[in-house]
Amino acid sequence: MAIIVIDAGHGGDTKVGGSSANNATAPEGTLEKDLTLDIAKRVQRILSAMHDVRMTRQTDVNVGIAARAHVARDAAADVFLSIHFNGFSNPNVQGTETLVWPGTGPTEKSYVLANLVQKATVGVTGYRDRGIKDERRLGVLNPQNHLAKTARCLVEISFITGPGKTNAESDERRLKDARYKDSIAEALAEAIEAYL
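Quick note: the sequence shown uses UniProt numbering, first residue 1, plus one each step.
Rather than coming from a laboratory, the hints here were simulated on the basis of the structure. This one's a predicted model, so the numbers in the text were calculated from it and none came from an experiment.
Here are the computed lysine-lysine pairs in the PhoX-like style, where the Cα-Cα straight-line distance is at most 25 Å: (1) 133 x 149; (2) 119 x 149; (3) 181 x 133; (4) 119 x 181; (5) 109 x 119; (6) 181 x 165; (7) 176 x 119; (8) 165 x 176; (9) 133 x 165; (10) 181 x 41; (11) 109 x 149; (12) 119 x 41; (13) 119 x 133; (14) 109 x 133; (15) 15 x 41; (16) 176 x 41.
Please put together the full structure from these sequences, using the hints given.
Structure follows, in structure tokens:
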């Protein structure tokens, strides 16, 4: 049995410890913070049958960046996955990307996890594969906030400000479908299982 920490990005109404309450808002008002918690809970339900799954938050509260990582550190977690959705001013931008700490090499455990997460997520969203990124120093992935044994990455599932799979739908409308959200959660859970 592995210890897995699922981090639902953002939350609450105010910035806490470097963590903004919400970063992306879809055209009809859907908030990133609500989607991340929804998907995180679905992943937790799937993996809890086989593993010890911890959450950085279970409700609409904000948790500081270091505190999120410390949930994994304090639990000596094997995996830390932070779930996010992107947003952009250009409504035509769409794609899936996964982030690792700068300088993480392809053979390192965090990169291996990120690669599995990226492939599994793109397989469900069907969006452009924007690849694995290592340009941003994201506090939740900072090695100083984690144990060396913990594989950690952050997935940006899609741009909630962008188009869906067809011209007739937006990504936001697509994300109102519980079956689609289940498919995303199953892909993330399968990626974690494949890593383990």
